[in-house]
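Participant: From just these sequences and the hints, can you work out the full model?
Number of protein chains: 2
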Amino acid sequence: MKLLEERILSDGQVLGDEILKVDSFLTHQVDTKLMQAVGQRFADIYRTHNITKVVTIEASGIAPALYTADALDVPMVFAKKAKNLTLNEELLTTDVFSFTKQTTSTVSISRKFISPDDRILIVDDFLANGQASLGLIRLIEQVGASIEGIGIVIEKSFQEGRQSLIDKGFQVSSLARIDRFEAGHVVFAEADDASLDKK
Amino acid sequence: MKLLEERILSDGQVLGDEILKVDSFLTHQVDTKLMQAVGQRFADIYRTHNITKVVTIEASGIAPALYTADALDVPMVFAKKAKNLTLNEELLTTDVFSFTKQTTSTVSISRKFISPDDRILIVDDFLANGQASLGLIRLIEQVGASIEGIGIVIEKSFQEGRQSLIDKGFQVSSLARIDRFEAGHVVFAEADDASLDKK
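Protein chains in written order, with my numbering: chain X, 3 to 201; chain B, 3 to 201.
Fair warning: there could be bad hints in the mix.
Each pair of labels, with its calculated beta carbon distance range [to be verified]:
{"hint": "1", "chain 1": "B", "residue 1": "Arg49", "chain 2": "X", "residue 2": "Asp13", "range": "27 to 35 Å"}
{"hint": "2", "chain 1": "X", "residue 1": "His187", "chain 2": "B", "residue 2": "Asp181", "range": "52 to 60 Å"}
{"hint": "3", "chain 1": "X", "residue 1": "Phe99", "chain 2": "B", "residue 2": "Glu162", "range": "50 to 58 Å"}
{"hint": "4", "chain 1": "B", "residue 1": "Ser100", "chain 2": "X", "residue 2": "Lys200", "range": "43 to 51 Å"}
{"hint": "5", "chain 1": "B", "residue 1": "Thr102", "chain 2": "X", "residue 2": "Glu91", "range": "15 to 23 Å"}
Computed list of lysine-lysine pairs in DSBU-like fashion (alpha-carbon distance at most 30 Å, straight line) [stated by the list, open to error]:
{"hint": "6", "chain 1": "X", "residue 1": "Lys83", "chain 2": "B", "residue 2": "Lys35"}
{"hint": "7", "chain 1": "B", "residue 1": "Lys83", "chain 2": "X", "residue 2": "Lys103"}
{"hint": "8", "chain 1": "B", "residue 1": "Lys4", "chain 2": "X", "residue 2": "Lys35"}
{"hint": "9", "chain 1": "B", "residue 1": "Lys103", "chain 2": "X", "residue 2": "Lys114"}
{"hint": "10", "chain 1": "B", "residue 1": "Lys170", "chain 2": "X", "residue 2": "Lys114"}
No wet-lab data here; the hints were simulated from the structure.
Glycine included, C-beta positions come from ideal geometry on N, C-alpha and C.
Facilitator: Rendered as structure tokens:
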């Protein structure tokens with residue numbers, strides 16, 4: 003998505019070899035118009051999939067997921083992160099390890115919000131090693147709902163997450179794909195939605 | 003806001019004497035159209051205040067805050083909650099005690115996203131004892147930005163939060179105000195935006 007790539011180039015900060023900070027428009031301060039365009043793009047990609055629910059994980063996945071759900075006219079559900087969660091039958095739960103924070107969180111969704119008939123689009127702000135998306139997939143698979151695809155705002159293509167998801171047979175749609183950082187600058191790989199950008 | 007009150011009556015669950023569960027449209031699963039209407043309502047109330055930024059706290063404040071910011075055409079910033087946060091000069095931080103969870107969290111906003119010239123509207127999903135809103139106020143006051151008001155989706159009017167905020171001179175705009183629970187049902191007080199509902 004050209005608009006997103008341009009924004010990453012102008013406002014993203016490359017820190018060290020692996021970190022891209024986009025807290026001025028995505029992960030802390032949020033540009034609502036950009037997120038609306040992101041949501042519209044995911045909706046365009048998955049329009050024919052009869053999506054019934056958009057699922058994400060708190061907190062920075064919520065903004066892009068909300069506008070995607072809005073554009074598809076379906077509810078959005080955000081999974082919750084907690085440490086030492088008291089398990090109960092009403093919750094779908096799984097453990098997710100964060101390489102960044104070196105901590106394990108329990109991620110949960112109330113069972114009542116996912117049914118076997120659902121056709122789900124997962125949306126998240128970042129895809130790196132794929133642990134968050136794989137965790138959401140494990141939750142949804144407990145119910146047997148269909149996972150139609152995984153919409154990612156920014157993918158770090160030099161980490162293994164994308165391949166892990168594709169190996170499991172999932173469609174991954176990343177609107178910006180970072181091939182590498184070169185001398186503090188972002189070098190993009192072709193985004194999955196490149197054909198939808200206006201010429 | 004009539005639409006919101008009706009939704010609380012139809013889909014909210016009263017648990018015990020003090021808990022209203024609205025996880026089917028606000029705090030876990032999110033109804034995007036209802037949130038859009040909520041955001042539009044806050045924008046209508048604060049239209050003349052020249053708001054420059056909408057500030058909330060993760061995670062369930064994000065949806066109503068996002069649509070409010072969208073309707074006012076300004077950025078949204080969400081404060082982050084962490085335990086044992088490493089303090090640094092770039093962060094505004096304060097401690098917030100949660101009566102529900104009986105835990106203290108450090109809430110933070112990057113200093114670069116709040117300037118003394120900002121005219122801020124705080125938006126949150128719930129107002130009970132007011133600790134979250136008071137925490138956000140402390141963060142914003144560290145910078146000296148103007149706090150134009152506090153927009154609340156659901157207020158528990160039988161708890162002290164509203165009065166604490168009003169005592170400090172803040173305008174509180176609650177779209178649904180719960181006076182009390184009676185035999186498992188919600189009894190509303192008049193909402194602050196009642197005059198804006200169509201007859």
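Participant: The structure should be examined with respect to each hint, and the outcome stated for every one.
Facilitator: Comparing the hints with the structure gives:
1. B:Arg49 <-> X:Asp13: 27 to 35 Å: Given about 28 Å between the Cβ atoms, the range holds.
2. X:His187 <-> B:Asp181: 52 to 60 Å: holds, 58 Å
3. X:Phe99 <-> B:Glu162: 50 to 58 Å: About 40 Å separates the Cβ atoms of Phe99 of chain X and Glu162 of chain B, which means 50 to 58 Å is violated.
4. B:Ser100 <-> X:Lys200: 43 to 51 Å: holds, 47 Å
5. B:Thr102 <-> X:Glu91: 15 to 23 Å: holds, 22 Å
6. X:Lys83 <-> B:Lys35: Given pair Lys83 of chain X, Lys35 of chain B holds - Cα atoms ~25 Å apart, limit 30 Å.
7. B:Lys83 <-> X:Lys103: holds, 14 Å
8. B:Lys4 <-> X:Lys35: OK: Lys4 of chain B and Lys35 of chain X at ~28 Å, within 30 Å.
9. B:Lys103 <-> X:Lys114: It holds: about 23 Å lies between the C-alpha atoms, which stays within 30 Å.
10. B:Lys170 <-> X:Lys114: violated, 41 Å
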